[in-house]
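Start from the sequences, fold in the hints, and give me the full structure.
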Amino acid sequence: MAKVGIVMGSDSDMPIMAKAADVLEELGISYEMTIISAHREPDVFFEYAKGAEEKGFKVLIAGAGMAAHLPGMCAAIFPLPVIGIPMHTTSLGGRDSLYSIVQMPSGIPVATVAINGGANAALLAAKILATSDEALLEKLKKYGENLKKQVQAKDTKLQEQGYRAYLDEMKKQG
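Just add 819 to wherever you are in the sequence shown, counting from 1, and you've got our numbering.
Hints are supplied without guarantee of correctness; some may be wrong.
To be verified - Quick list of in silico lysine-lysine cross-link-like pairs, PhoX-like style, CA-CA up to 20 Å:
id, residue 1, residue 2
1, 946, 838
2, 822, 869
3, 946, 960
Everything labelled a hint here was simulated from the structure, so no lab data went into it.
Quick look at the structure:
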């Protein structure tokens, strides 16, 4: 049974939502991903949000751009935690999405990560689930240790090469 529901309003959100799925997979957390438009198919959305608890979801991750109603509407219906991911938009750079998600009315909270913050949404979902799952908590601790090692390896490389060579190599890679 999936513990996390990942829902997006459009397939244009997929590259960001995929980052959330990747992290959940790395941590061994089951999830279900779907595309539902709260505006274009409100009846389908309502059934999804209303049935999410019964499906066994413990957390929903909802990504949306522009008006970004999807996370807030999930939170209005689903009684457990909802994490909103504001999507970058071409018109306002995602600030519109961010404001739409964080400005929820009293009583309808939505945890919100950075614009395009798919990986952090998954990590927050994992931390919520880890409050009652010791094995998952250990995986999260190892994940954090791996991040620390990555930074230390980058610093070692910088110290060995000097910043000019390091920077030149970075430019070649991307």
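Structure-based check of all given hints:
| no. | hint | in the structure |
| --- | --- | --- |
| 1 | 946 - 838 | holds, 16 Å |
| 2 | 822 - 869 | holds, 15 Å |
| 3 | 946 - 960 | holds, 10 Å |
Of the numbered hints listed earlier, not one is contradicted by the structure.
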